[in-house]
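S.K.: Protein sequences appear in the order of chains A and B.
Residue 1 is where the first sequence starts when you use our numbering, and the numbers rise one by one after that.
Residue 1 is where the second sequence starts when you use our numbering, and the numbers rise one by one after that.
These are calculated hints, taken from the structure and not from any lab test.
Since no wrong hints were added, every one of them can be taken at face value.
The list that follows gives simulated cross-link-like pairs (lysine-lysine, PhoX-like), each with its CA atoms no further than 20 angstroms apart: (1) B/Lys90 x A/Lys263; (2) A/Lys349 x A/Lys466; (3) A/Lys231 x B/Lys72.
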Amino acid sequence: MSRSHLRFLLASALAVVALVVAACGGSDNNSSSSSSSSSSSPTKTAGANNNSAAEAPATKGGKLTVLAGTDVDFLDPGHTYYTTGYMIAYSTQRTLYSFKPQDSVKPVPDIADGEPQVSSDKKTITVKIKPGIKFSPPVNREVTSKDIKYAFERFFSVNVGGQYPGYFNMIVGAPKEPTKGVKPISGIETPDNNTIVFHLSEPAAVPFAAALVMPITAPVPEEYASKFDAKSPSTYNTHVVATGPYMVQNDASGNTVGYKPGKSISLVRNPNWDPKTDYRPAWVDSVFMRTNASDGNVASNQVLDGNNMIFEGNPPANIIKEVATKRKDQFVQVPSGGYRYFPINTTIKPFDNINVRRAISAGFDRNAARLARGGKFTADLPTHYLPPDFPGFDEAGGMNGPGFDFLSTKNESGDMALAASYMKKAGYPSGKYTGNETFLMVSANVDPNKAQSEVAKAQFEKLGFKIRLRLVPQDAVYNDWCQVPSKKVAVCGGAGWFKDFADPQSMLEPVFAGYLIPKSGLNNNMAQLRDPKVDAAMKKAALLDGDARLKAWADIDKMITGDAATIPFVWDKTTLIRSKNVNGVANGYYTDWDLSWTSVKQ
Amino acid sequence: MAAYILRRLLWTIILLLVITAVTFLIFYVLPSGDPAKLRAGRTPSPEQIAAIRHQLGLDRSLAYQYWDYVKKIVTHFDFGNSYTNNEPVKTLIFDRLPNTMFLVLGAAVIWFVVGVFIGIVSAVARGSFWDRSLMGAALLAISAPVYWLGLVSLYLFSDDIGVWHIFPGAGSYQDASGFIAKAHTLILPWLVLAAAFAAIYARLLRSNLLDTLGEDYIRTARAKGLSERRVVLRHGVRSAITPVITVLGLDIGILMGGAILTETVFNIDGVGRLSYDAIQRGDLSTIQGTTLVLAFAVAIMSLVVDIVYAFLDPRVRY
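Whenever a hint applies, use it, and build me the whole structure from the sequences.
M.R.: Have a look at this one:
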């Protein structure tokens with residue numbers, strides 16, 4: 001038992017004594033604290049633990065056990081969209097391109113044979129496919145480009161429910177709404193078994209090519225999957241076949257008997273995987289993932305004190321502190337590849353005034369908001385939007401950012417004098433807001449979002465704003481409030497935007513482009529920022545590639561930061577813990593353990 | 001008696017129908033997430049949301065949705081599919097129900113036996129050292145939250161992260177196969193879950209028994225020359241225990257809906273955990289399914305308690 005356990009027991013014993021002495025006799029409310037699961041993980045620049053285990057010597061064999069608090073969303077590569085699902089998808093499926101653990105910026109060809117060929121008008125992308133890659137049993141045949149075409153087509157079927165069509169709906173002939181059944185897409189051609197060509201309706205080849213790392217590009221055999229896809233919803237999720245080094249254990253008919261929803265997933269080696277065609281080492285022989293390790297504290301301690309185990313995702317905050325101080329060889333951290341922020345509605349007076357917004361930013365105690373999510377070890381304070389270890393981060397100024405005084409590294413806890421000076425520029429001579437309106441702030445009713453919104457409310461009130469904080473269920477925060485312009489939410493009590501692939505356009509455009517604010521439906525631009533200069537720059541930068549692209553989007557990042565339409569308050573880091581005898585390797589793309597690289601020390 | 005049971009069963013069916021209607025309405029009236037939007041991903045178009053809503057049948061009238069829901073339950077015992085992973089809710093619940101039943105019934109046996117024993121000893125030896133000690137311990141057990149007690153017991157006695165490696169740790173239940181092996185892994189959860197209940201039952205029985213032992217008919221029994229053991233057990237406890245039986249039935253019924261904290265700490269895959277996860281994710285169909293299971297369990301246990309009453313108390317007749 002570790003010292004922290006002893007301290008916990010001692011504190012607990014004292015608490016009981018206190019209870020008895022108080023002689024209340026009533027039972028507790030039994031609230032299960034624990035599992036705050038705030039994201040974290042160190043960035044190289046922040047001096048935290050890096051992912052050097054990826055370079056450590058490893059041995060083949062053994063069984064790895066993963067303890068996870070939640071199940072995968074889906075095993076179906078056409079449907080999965082969340083981290084746990086990605087962790088399984090990228091060890092069982094091979095996408096056109098993917099990321100090695102050590103580099104989450106530059107993808108490498110996976111099923112693809114070389115870089116994508118982009119036409120000069122940026123409307124056509126041609127990808128060659130490696131020969132010799134086979135599907136797992138019971139399909140057992142070689143993958144062709146037609147399998148990838150079918151994967152795209154089924155993605156748009158309502159039965160499959162692909163969750164990110166916005167990245168691919170510029171393919172010529174791509175459905176504008178989900179289809180009944182799987183329909184052919186005219187803009188995808190397969191001139192031979194090893195070539196796939198995408199025709200786009202607009203010159204968007206660069207971000208499109210960057211998105212070819214997503215699970216939608218994992219091949220799906222039509223002759224096998226179509227009967228499952230014909231059902232509503234598709235049952236391919238429980239009959240999925242693999243192309244990667246591992247497969248979900250299945251029977252002769254393809255039933256994934258190794259998947260027990262909400263309980264466990266058993267991965268075994270894919271007998272048809274040829275290591276000569278892949279860069280993954282696939283060290284362990286099998287993986288058993290328990291997807292209902294419901295108590296984060298208990299499961300984390302089982303991992304830290306046990307053998308052959310890793311913990312999926314962030315452990316509770318107390319465990320993060322423990323590993324950071326006492327078990328430094330049992331964790332890694334990776335940047336989460338995103339930012340959390342408080343959007344300020346720029347269509348509501350006086351927030352339409354840039355100096356008012358800058359004043360709020362200047363006086364904002366962002367360190368307090370960060371504390372609500374776990375503190376310094378779990379996140380860095382942003383100075384702009386493009387996050388660490390992401391394309392364009394360095395060009396945008398790195399950790400120091402573009403140099404705005406209201407969002408500088410020196411201003412962690414709020415500078416009220418600076419805030420007052422901006423308020424005076426905005427026409428408030430007292431340095432504070434003097435209006436009588438009450439502004440609506442909406443947040444989730446559970447921590448850490450609740451706690452961070454309470455911090456935000458206090459920061460606005462410091463400057464004289466009256467805020468009514470409305471706490472609603474987590475699910476309703478965005479869908480029913482912050483993303484609905486007609487609700488007139490002045491401040492959203494917390495939002496986050498995280499990468500889907502390594503391209504700066506995908507990190508900034510959906511959140512800040514004025515031209516993407518829809519007339520109806522959900523709006524990701526929660527600040528409703530409509531800056532003509534930003535919009536024009538985005539449209540221009542979308543057509544660029546290479547270093548010019550990074551520079552252009554870094555400049556846009558600076559413009560947006562200057563607009564102060566939101567208060568970015570954390571760049572999350574993900575902390576991952578492991579048993580001592582596990583050589584854990586994290587993948588910076590999906591910010592979780594990479595099962596194809598993690599090994600057990602023999 | 002048969003007519004009474006039949007009448008109660010009919011009322012149970014009506015009660016369940018009312019509960020389905022109430023849970024159904026709650027999720028439409030109260031602010032909650034839209035399942036279609038939740039499933040639509042990060043940047044859904046209105047068309048995409050509409051298509052998913054149609055697929056889930058959410059674009060139908062409220063009355064039709066309710067009718068369709070009840071019809072499926074009655075004809076096929078079909079609660080629909082989970083909104084989060086498409087799995088049939090019936091499978092999700094019935095996969096987990098045996099685990100919850102094993103946990104709850106095992107713990108109930110412990111807390112009932114221990115609670116009754118302590119209650120009798122304390123009442124009979126009122127004011128003694130044993131009475132004070134046992135009631136003090138009961139107060140301690142009532143004051144200790146299940147979640148805290150579970151963590152402490154694991155950190156002390158579990159074979160993986162404990163100081164003394166005595167009992168199987170969290171998650172071991174799922175790895176065990178066979179009745180004996182599974183029962184072995186449940187010893188610690190049973191004790192933790194039973195602790196507070198045993199203490200409450202002990203205090204309840206002690207109080208009832210003290211009142212009963214002061215009744216005239218007890219004095220009469222003693223005057224007739226019956227042994228003290230017979231007076232206490234046959235005449236005193238039999239009367240004093242009926243309120244305890246009522247509470248026992250309701251407690252078991254409620255816990256069948258899920259001993260959430262115990263299941264969470266010890267990683268037992270039960271209905272409570274399923275219910276909690278469903279609430280977290282706004283998974284309406286699963287929440288409705290688990291709510292019905294809970295209501296059904298409470299209704300049935302209430303009926304069982306009433307039947308047991310007739311055997312315990314000769315004055316009760318239906």
